[in-house]
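Student: Join the two chains, each given in its own frame, into one complex according to the hints.
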Amino acid sequence: MTRAGKNILFRALLIGPALLAITVFMIIPLGLMAYISFRGRDYSGGVLWDQFTAEAYVRLFFESELDGTLALNFNYMYIILRSVWLSFLTMVISLAVGLPVAMFMATRDAKWKAVLVFMVTLPFWTNLLVRNYAWILLLRDHGIINSALLWLGIISEPLPLLHNSFAVAVGLTYSFLPFMVLPIYASLEKIDLRLVEASFDLYANRWQTIKRVILPLAFPGIVAGCVLVFVPALGAYITPELLGGGKTLMIGNLIGFQFGAARNWPFGAALGMFLLALVLTSLWLYARRYRGDLERLQ
Amino acid sequence: MNTTNRVGKHTAKLLMASAMALTALSGSAWAAGELNLYNWSNYFAPELLERYEKETGTKVNIDSFASEEDLLAKLQAGGGGYDVIFPGTTTLGVMVEKGMLAKIDVNKMENFKNLLPAFTTIAGDEDRTYSAPYMWGTTGFTYDPEMVEGGPLEDSWKEIFEPRDGLKGNIAMLNEMSDVWNAAAYYTGVSKCTEDPAEAQKILDVLMAQKPHVKLYSNDGTIDRMIAGEVAVHMQWNGAAHRVKEKKPDAVYVYPREGTTFWTDVIAVPKDAPNLEEAKKFVNWMMSPEVAAIASNYTGYSNAVSGSGEFLKEDLRADPAVNTPEEYNDRLRAFENCSPASKDLREKVWTKLKS
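Residue numbers (our numbering), protein chains in the order written: chain H, 1 to 298; chain R, 1 to 355.
Pulled out of the complex, with its shape left as it was, chain R reads as follows (with noise of 0.2 Å):
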């Protein structure tokens, strides 16, 4: 009981220190030579940190945000002292449409000319002035052989959404309405941004006939579930897909070619970042091929530097679902950013869909 009460207390004054510390911290503003960079936890490798340090001289700190809607709100709050931020792009969009990002003209950067050229535009930020890419994934289906009759599955979304007879109830979706409703658009061929009544009733058609024969809608224990053999066919983000593999080899990540969405993380400046310059170099930095490898092998994502790939972790560079083949280039499509009409179409679908 006693000691007990002494870590307790112990834990307080750490607890106390540290806040203190925090305070003092952002009270000041940050020394020159020094760069604050806020990300999701797990997603920027530490050996860059190093690197930079190293390369530049500039002391690089980082701080994680949990969602996207904290990034979001502490910017809108005016508070943070970030310099360099790393949205997806829905929150690109928003940021770029309430004035909250520094035009630090991205397309004009040296490294620039290394992008793939998909990259070189996004939505929101169609010419590049104000974000670069920093890590892309996308959203396909990962199969088991072993679980399915009748040979390898078809490069379709037919294959998930009017399953073969062995397949039905062994099918597991993503919980992610924008994810569901684009790959139902692209299957059936309507515009994701649709604002017709009667597309948005044929893509419910399509989500109400596969329904009987969806096991449950998920976004949690995705790799697991497809490792411990509950479904034979997950419709998965890529990055979950490629651990998949490290248990299952023989699983496939399948890039349906009626369309596959792509999704895309970015590197950006807020309008008030305390050092502008230092952050402009950084993303330059960033957009070098063995700087966006090392990012892409801590991460297990892709990036979207072109010549990185040799830099690349062997498992990563040899796995399909990762290293997206050229071949299916003109599968990918992009976020778009649909006006608020087609939003309120593809709401009414999902609560059809669950009610």
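Chain H extracted, bound-state conformation (with noise of 0.2 Å):
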């Protein structure tokens, strides 16, 4: 064999894992449901391989009526709607706490910084079911933190914390912050700090420095973070099960109503499709709107 030829086989069988690992686990699932997603509905579970069509799709906007014309149809929408609301506000409150955070990890010194990335990911250590549980004991009526206030008679019912969005974006919140801070830290870390001193000499103050000194520079991270949150917060499936008392579903719920009670599963799989599809747009129009900030700093 030549020596091009042996290289070509060496590479070959370098990139082979990496990519037998992508098709078997992304490509063909996600082709998988694609398919299932234009074939007909087997009301006993299933599907009808043999018949194909759209009628999922349509079933994600319209409805049909009594004399079977189609009307819009909002209900999903309402719940795509409130998904995409919820994990948003996760991301919001996730950068606003996660942020301090990391800065306050990044400048300490290098034992401190050790032992801090090892308490933010030290929840990682319990499952996050247990974890949600925990938040039930929290919360509920005659929960730690309701037990708590009506003791020091501040409050002379228990408050509803339990049960509705509050409790579901406190769940969200707690479950995905590690991810939101990790990646800032990781930027902020790397950051040389003379030239927050050099911020400084020039006369800017905490704030300047912190809006355009340290900020710019974190930037990268804090991308990364609010993917890293919004995207699986998007999906989320035990915490609004748990801490949203089944009053209200997110598109988790959704899709895993329609492979269990409801028995449709070529409507759960577009709704997985379409799933994906507002992951892909929100992240791209998201790169779109700061492609040129990230290049800039790169």
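By construction, these hints were calculated from the structure, which means they are not laboratory data.
For glycine and all other residues, C-beta sits at the position ideal for the given N, C-alpha and C.
Sample of chain R residues facing chain H (criterion: CB under 7 Å; computed from the structure):
| id | residue |
| --- | --- |
| 1 | Val94 |
| 2 | Asn175 |
| 3 | Met177 |
| 4 | Lys215 |
| 5 | Tyr217 |
| 6 | Ser218 |
| 7 | Glu347 |
| 8 | Thr351 |
| 9 | Lys352 |
| 10 | Lys354 |
Label-pair restraints from in silico Cβ distances:
| id | chain 1 | residue 1 | chain 2 | residue 2 | range |
| --- | --- | --- | --- | --- | --- |
| 11 | R | Asp165 | H | Arg108 | 53 to 61 Å |
| 12 | R | Pro212 | H | Ala114 | 48 to 56 Å |
| 13 | H | Leu122 | R | Asp224 | 24 to 32 Å |
| 14 | R | Glu126 | H | Leu122 | 57 to 65 Å |
To be clear about the criterion: a stretch of chain H counts as covered by chain R if any three or more of its residues have a C-beta under 8 Å from a C-beta of chain R, and this derived list gives those stretches:
| id | region |
| --- | --- |
| 15 | 40-48 |
| 16 | 233-247 |
Tutor: Here is the structure:
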């Protein structure tokens, strides 16, 4: 074999495993999902493989009236909008909390940094389900927060903290906060602190230094953190189920329902494709909006 | 570190060994004089396995599934080599329709006469050609009298759907589409298999009016929620109600007079069962009173065999939530297999309720 031939073989072997993993675990499942979303519905669960129909996508936006005509259907849109809104809220709160935390961490000395990073990742040692249950114990009527407030005499009736959108937002923020803190910390840590000193030397005050020096340098981390929080929050399943009290659905629960009780696999798959499109579109918009800023930094 | 490694390797070896054993087992045809059951976990009394072996000399093995989707999938894939399975009513319907079950003529079996009249037929297997009843239960609601002002609640879904002032915000519903839909259908007097959008609208109206008073919809932790006093009223399955009463003896399980759904799990035999004759004998044996009682004592749910009452554990027999009083028999409503059009309406209502 020629040297060039060997080289190609070597490269193929190196790329092979990654390519295989992407094909088996991403491309094939996605293709299958897209395919199922265009098949007929088997009411006893499953799919009518030999039937092509776009019914699942029509169902997303329209419902049939009594006389068979189609009318706009806002039910699924409400659920999707609520998911987007809650995920956006989660992202904003996580950023508001995560940025100062990351700044604090990045400005400690090396020994402390290690400890603090460890503490941020500590919650991952416990299963997400358990952590959400813990919030039930905190938030419920006879829970720790309400009991404490009652005991202190600040309130006379338990506050309705659990089983509403507030509880879902709290749960989502708690679950995804580390995904915001860590990337911001990573980009802040690389900042040359002499730049901050230089900024002070040039008579910038603290606020100006943060706004004009630190934030622009931390920007790639902030973008990464926002994406890492927004995207998984959009598909959240456990948190709305447990903390929302099953009163309102998010997209994740709606999809789960289609594959479970409703036995409408094509529609579930179509919802999955829609969620994917939603995520890709928002990422694309995000990238387009900030591409210039990111390129300037690199 | 070293020890954990060794333990890890040991576990891996064990796993491999058992995997190989399993393959070997499923590869060979099951020997005669054996019977393989496939059931939910913790849903079959170990005592009965021994007993059957002692009485007939047939060795009984049991394997468990986590959901009926698993059961269906495994049988559809043609695997398993199971002789006796325990599906729910919905799955039974699918299996009969798809021709997955053996005709075992349960209605001609010797012990068929033992069945309570209500169970001699079932949706999907009307003349009991394929299946015998195993366990059954009801969906009603439980309340804690201590948390309810103004005396005992009526035996009516009204108490849940149009709650009195003290109960507003103090109600939990099951997060189960068909159970909630059925209850609202009984309450509004609409057929639960309705295909009429106007009737479905009535059901939706009741549920939407109720929603602000509902604290949560959930299937999990219904027992703890009642015991902790988080809600005063909980739509509940009767087996769960029985366990609430173990901690809160005053709690009351209500069979609403407008209609109380009952579900049934059945015993059936797959079409390609390796030990068909043996399986038939087993199904017949399961319909004898003492055997059915032992099964109930283990699961905590009712069986459908008359005369089993005297063999029941005292606490089960004494609890009207489990041992349904006869005067409530006309309140019980069986599962019905509704048309696709009706299922569509039900889903629409559920989605609108939750959007």
